[in-house]
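As you go down the protein sequences, you meet chains A, G and Y in turn. Heads up, the first sequence is in our numbering, so the first residue is 4 and it goes up one at a time. Heads up, the second sequence is in our numbering, so the first residue is 87 and it goes up one at a time. Heads up, the third sequence is in our numbering, so the first residue is 3 and it goes up one at a time.
Just so you know, the hints here were simulated from the structure itself, not pulled from any lab data. All C-beta atoms in this analysis are idealised placements derived from N, C-alpha and C, irrespective of residue type, glycine included. Be a bit skeptical, because a hint or two may be false.
[Said to hold, decoys possible] Quick look at which bits of chain G chain A covers, simulated, 3 or more residues with Cβ under 8 Å:
#, segment
1, 95-104
2, 155-162
[Said to hold, decoys possible] Chain G residues, not near chain A, derived (Cβ > 12 Å throughout):
#, residue
3, L92
4, A110
5, V118
6, W140
7, R141
8, R168
9, L169
10, R172
11, I185
12, S186
13, I197
14, L209
15, I233
16, F269
17, V275
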Amino acid sequence: MTFLLLLSTPVCGALLLGVFGARRWAAHLNVGVSLITFIAACALTTQVVNSGPLLAAHEQFFVDSFNVFLVTLTAFVGLTTSIFSRPYMRVEMTHGRVAPTRLRLYHSMYQLFMATMLVALTTNNMGLLWVSMEAATLSTVLLVTLYRTPASLEAGWKYFILCGVGIAQALFGTILLYFAAEKVLGAAGGTALLWTHLNAVKGHLEPTVLGLAFVFLFVGYGTKVGLAPLHNWLPDAHAEGPTPISAVLSGLLLNVAIYAVVRCKVLVEGSLHSQLPSQILMCFGLLSVVLAAFLLWRQRDIKRLFAYSSIEHMGIITFAFGMGGPVANFAALLHMTVHSLTKSAIFFTVGHAAQKAGSQLMEDIRGLITLSPTIGWGLMMGSLAILGMPPFGVFASEFLILTTAMREQPWATPVLLAALGVAFAAIFGRVQPMVFGETTAKRLPHPPALLPVFAHLAIVLMLGLYVPPYLADWYRAAARLIGGE
Amino acid sequence: MTGTPLDLQLLNLCAALLLLLSFAMLAQRRVVTLVSLLAIQGVLLFVATLLLAWRTGERHLYLSAALTLALKVLLLPWLLHRLIRRLQVYWDTEPLLNISGTMLVGLLVVIFAFGLAQPIAALASTATRSAIGIAVAVILLSFVTMITRRKAMSQVVGFLSMENGLFFGAMSATYGMPMIVEFGVALDVLVAVLVLGVFFFQIREQFDSLDLHHLESLKESSTSSKTTPPVSAQSGQEH
Amino acid sequence: MKPIEILTQALELLAALAAAPLFLGWVNQCRAWLQNRRAPSIWLPYRGIRKLFHKDAVIAANASPFFRLAPYVVFGAMVVAAGIIPSMGTRLPFTVAADAIALVGLLATARVFLSLAAVDIGTAFGTLGARREMMVGFLAEPALLMVIFVASIISATTALPAIAESLATHRLGLYPSLAFTAIAFTLILLAENARLPIDNPATHLELTMIHEAMVLEYSARHLALMEWAAALKLFNYACIGFALFLPWGISIGTGSPLSLLASIPLLGAKLTVTGAALAFIETISAKLRVFRAPEFLAIAFMLAVLGLLVHLLLGA
C-alpha cells in the first residue's frame with residue numbers, strides 16, 4: 004500500500020502539474036507532492052526495516068535493504084530540492100529567463116523524473132530498470148534545455164545522444180542477460196529478468212554471456228554515472244540546466260545509475276567467479292577520479308566545476324564498489340549518501356550565488372560573505388565537506404575507502420591520494436576568493452532561505468561524527484547484500 | 087544448407103536484407119530516403135517477427151509484430167516525415183568520411199560484430215541464432231551512421247535504427263524479451279521521438295539550422311560567456 | 003580426353019568467337035529501342051570488323067613493337083578465357099589449365115597490355131584512358147575475386163566448371179549471399195566492360211571516355227581485334243555470370259551430346275534476356291562522374307564481401 008503510494012504520488016503529481024503547472028501555487032503543489040512521496044518513502048523504510056524485504060505487483064517490484072535507503076535518500080533530496088526550487092524558479096521568472104508557461108513543463112517533468120527514478124530503484128525487473136533509466140534521461144532532456152539558450156540546447160543534445168547511445172548498449176546487455184537467464188529460468192512465467200530470481204540462480208548462468216553482458220551494461224549505465232571517458236554530457240547538462248535540475252541530476256540520477264551498475268555487478272560476479280567486473284569497476288572508477296581531478300583546474304564556470312567534482316566522486320564510489328568487501332561496500336554506500344546530500348546542498352548555494360551575481364563564471368562571483376553570509380558560509384561549508392575535510396561525513400567515507408585501498412589495492416592508493424589532493428587544491432583555490440574576495444556589490448537586504456542547504460550539511464556533519472546504529476545496521480545489511488551473501 | 091525450411095530461409099533473407107539496409111543508410115545522404123529506409127527496416131522487422139511467431143507459435147510474438155507494425159512502420163516514419171516537412175531539412179551535408187571509406191569501415195565493423203556474436207550464437211538454441219551476428223552488426227553500423235553524420239535528423243534515424251537492431255537481436259537470440267519490457271522500450275522510443283521533435287524546433291529556433299556544427303561550442307576550456315542572457319523575445323514561446 | 007569433351011570445347015570457342023559481336027549488337031539494338039531510336043542492324047559489329055580487316059593499318063611513327071603486339075595478346079587472352087568459362091558444358095579440357103582465380107589474372111593481363119599499348123604512343127588521350135582503366139580495374143578486380151570466392155566457398159572449389167556444376171545441382175532455395183554477389187557481379191560487369199554508368203561506349207566525349215580513349219590510335223586489323231576482344235570480354239563476363247548464378251541448362255558431368263545440344267538454345271535465351279536487361283540498366287542509369295566510379299565499385303566490393311559474410315554467418 005505504502006509502496007503504491009510511493010510510486011503513484013509523483014506520477015499523479017506529474018499529471019496534475021502538467022495541467023496546473025503554470026499557476027502561482029504550482030510550486031507549492033510541487034513541494035506538497037514531494038512531501039507525500041517522502042512520507043511514503045519513510046513509511047516504506049520502517050516497514051522494510053521491521054519486516055524484511057518486500058515484493059509487490061507479481062514480483063515486478065521489490066525493496067530490500069540496499070535500495071530502500073536509496074529510495075529514502077531520493078525522496079528526501081527530491082523534497083528539499085523542490086523546496087529550494089520554489090523561490091529559485093520565481094527569481095528566474097522575474098529575471099525573464101523562463102516564461103511562466105514553461106514552468107508547467109518544468110514542474111511536470113520534475114515529478115516525472117522523480118517517478119522514473121523511484122521506479123528504477125524499486126523495480127525487480129532488469130528490463131524495467133532499463134526502461135525507467137531511459138525515461139529518466141528523456142524527462143530531463145527538456146529540463147536541461149529549459150532556458151533555450153544555444154549552450155543549453157547543445158548540452159541537451161549531447162546529453163540525449165550520449166546517454167541514448169550509451170543506454171542502448173545497456174539494453175543489449177539486458178538482452179544478453181535475459182538470453183543467459185532464459186536457459187536457466189525458462190521464458191515462461193516471465194521471471195527470467197527478475198533480479199531476485201536471477202540472484203538465486205546466478206551461479207548457474209552462462210559465464211561467457213554474462214561477462215559480455217556486463218561489459219555492455221557497464222558501458223550503458225556507466226555513461227549515465229558519468230564515468231570517464233563517457234562523461235562528456237555530464238558537465239554540460241549540469242551547467243546549462245536550471246540549478247535545481249543540476250542538484251537532482253548530481254545528487255540522485257548518478258546514484259541511481261550506480262545502483263544499476265552494482266545490481267548488475269552482483270549478478271555477474273556470482274556467475275563469473277572471477278575478478279573481471281571488480282577490475283573493470285576499479286579501473287574506470289580510478290580513471291574518472293584522475294581525469295576529473297585534473298579537468299577541475301580548467302573550469303571557469305562554477306556549475307561545471309562542481310559537475311566535474313561529481314564525476315570525481317562517482318569515480319571514488321565506483322572504485323570502492325569495485326574493491327568490494329564489507330568495508331569498501333559500506334564506505335561506498337555511505338559516500339553515495341553524503342555525496343548526494345552535500346552536492347545538492349552545494350548546487351543550492353551555487354544557484355543562489357550565480358543568481359545574485361548574474362553570472363556562472365567564477366571570476367564574476369566575488370565576496371559572497373559580505374554579500375550574504377548565509378550563501379557564503381553555505382558554499383564554504385559545502386565545499387569543505389565535499390573536499391573531505393573532517394568532521395564531515397565525506398571524510399569518514401573517503402577515509403574508509405582509502406584505508407581499504409591501502410590494504411587491498413596498494414597500487415591505487417597513491418593515485419587516489421594524488422587525485423584527491425589535486426581536486427582539493429583546484430576547488431578550494433576557486434571557492435576561497437568567491438567567498439572571501441573583495442566585492443563592490445551591496446549587501447543583500449534580506450538573507451535567502453537556505454534551509455535545505457543547512458539541513459543537508461547538518462546531516463552530513465552528523466554522519467561524519469556519528470552514524471546512528473540503525474543506519475549503520477542498514478548500511479551493513481546492504482553491504483552484505485552487495486557482497487553477494 | 088540443403089533442407090532448410092522455407093520460413094527459415096525467408097528469415098535469413100530478412101536478416102541479410104537488414105544488414106544491406108544498414109549499409110544503405112550508411113551511404114544515403116538524403117534525409118527523406120533515410121527515413122524511408124528506416125520504414126523498410128521496420129517492415130523487415132515486422133515480417134521477421136511474424137515469421138518467427140508463425141514458426142514458434144508464441145502468442146506474444148504476434149503482439150510484438152503488431153507493435154512493430156504500428157510503431158516502426160507507420161507511426162515513427164510518419165512523425166519523422168512530418169518533422170522533415172515542417173523543418174525543411176531534406177539533405178544531409180557531405181558525411182565526415184567519403185562513401186568508400188565508410189563502406190570499408192562498415193565492413194570491418196560487420197566482421198567485428200560477427201566475431202562478437204559468435205560465442206552468443208554458439209550457446210543459443212533458437213532457430214535464428216545465426217542472425218544474432220547480423221543484429222549486432224546492425225547496432226554497430228547504426229552507431230557508425232550516427233558518428234559520421236552531422237545533421238541532427240540523420241543521427242536520430244541512426245539512433246532508431248540502433249533500437250531496431252537491438253529489437254532484432256532480442257528476437258533472434260531469445261524470441262523476444264518479456265512483453266512488459268517490450269512495451270516499455272516501445273514507449274520509450276516513442277517518447278524519445280516526440281521529445282526530439284520538440285527539441286528540433288528549439289534548435290531551429292535558436293540556430294535557423296539543424297546542422298550540428300553549431301552545437302560544438304561547449305568544449306573543455308569553454309570561454310563562452312556564461313552571463314545571464316538578456317530577456318529575449320523568444321522566451322514566451324512554448325511548443 | 004573423350005571426343006565429346008573436345009567437341010564441347012571446340013563448340014564453346016566457336017560460339018564465343020561467333021556470338022560475341024552478335025551479343026554486342028543485340029545489346030545496342032535493345033538500347034536503341036528503349037531510347038526510342040531507330041535501331042542499327044544487329045549485324046553491325048560484324049560488318050565493322052570485316053571492314054576493318056580489309057583496311058590498311060596506319061601506325062604512329064613512334065609506336066614500339068609492343069603497340070603492334072598488344073591487340074593479339076588482348077584478343078588471345080579473351081579467346082583463352084572463353085575456353086575456360088563453362089558456357090555450354092562443364093567437361094572442358096582447357097579448364098585444367100586455369101581455375102577461376104587464374105581467369106581473373108588472365109583478364110588482368112589483357113587489361114595491362116591494353117593500357118600499356120595506350121600509353122605507348124604517348125598521346126594525352128591514351129594516357130588518360132589507361133589511367134582511368136587502371137583505376138577501374140584496380141577497384142573491380144578485388145570485387146570480382148570476392149564474388150568468385152563466395153561461389154567457391156559454397157561449392158568448395160575454385161575451378162569454374164566445378165562451381166557451375168555444384169551450383170546447378172544445388173537444391174533450390176533463397177540464398178541471400180548469392181543474391182548479393184549477383185548484384186555485385188552486375189555492377190562489376192558494367193564497370194569492366196565500359197558500360198554506363200561508368201563509361202559510355204557510344205560516345206567519344208573526351209571528359210568521360212575510358213575504353214575508347216585507349217584504342218583511339220589503333221586502326222584496321224588491330225582495331226578490329228581490339229573491338230572483337232571487347233565484344234568477347236562482354237560475352238565472357240556474361241558467361242561467368244551464367245556459370246555462377248544461372249548454371250541451369252549447362253551440360254553437366256560427362257554430358258550426352260543431347261544435353262550439349264540442348265544447352266545451345268538455352269545459352270542463346272540467357273544471352274538474349276541478359277542483353278535486354280543490360281540495355282535496360284544502361285538506359286535508366288546516368289553516367290557517373292569519373293570521381294564517383296570508386297564509390298560505384300566500392301558498393302560492388304561491399305556487396306560481394308557482405309555476400310561472403312552472410313554466407314559464413316547464415317550458411318545461406
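request  = Hints the structure violates: just list their numbers, smallest first.
outcome  = When the structure is compared with the hints, numbers 1, 2, 14, 15, 16, 17 turn out to be violated.
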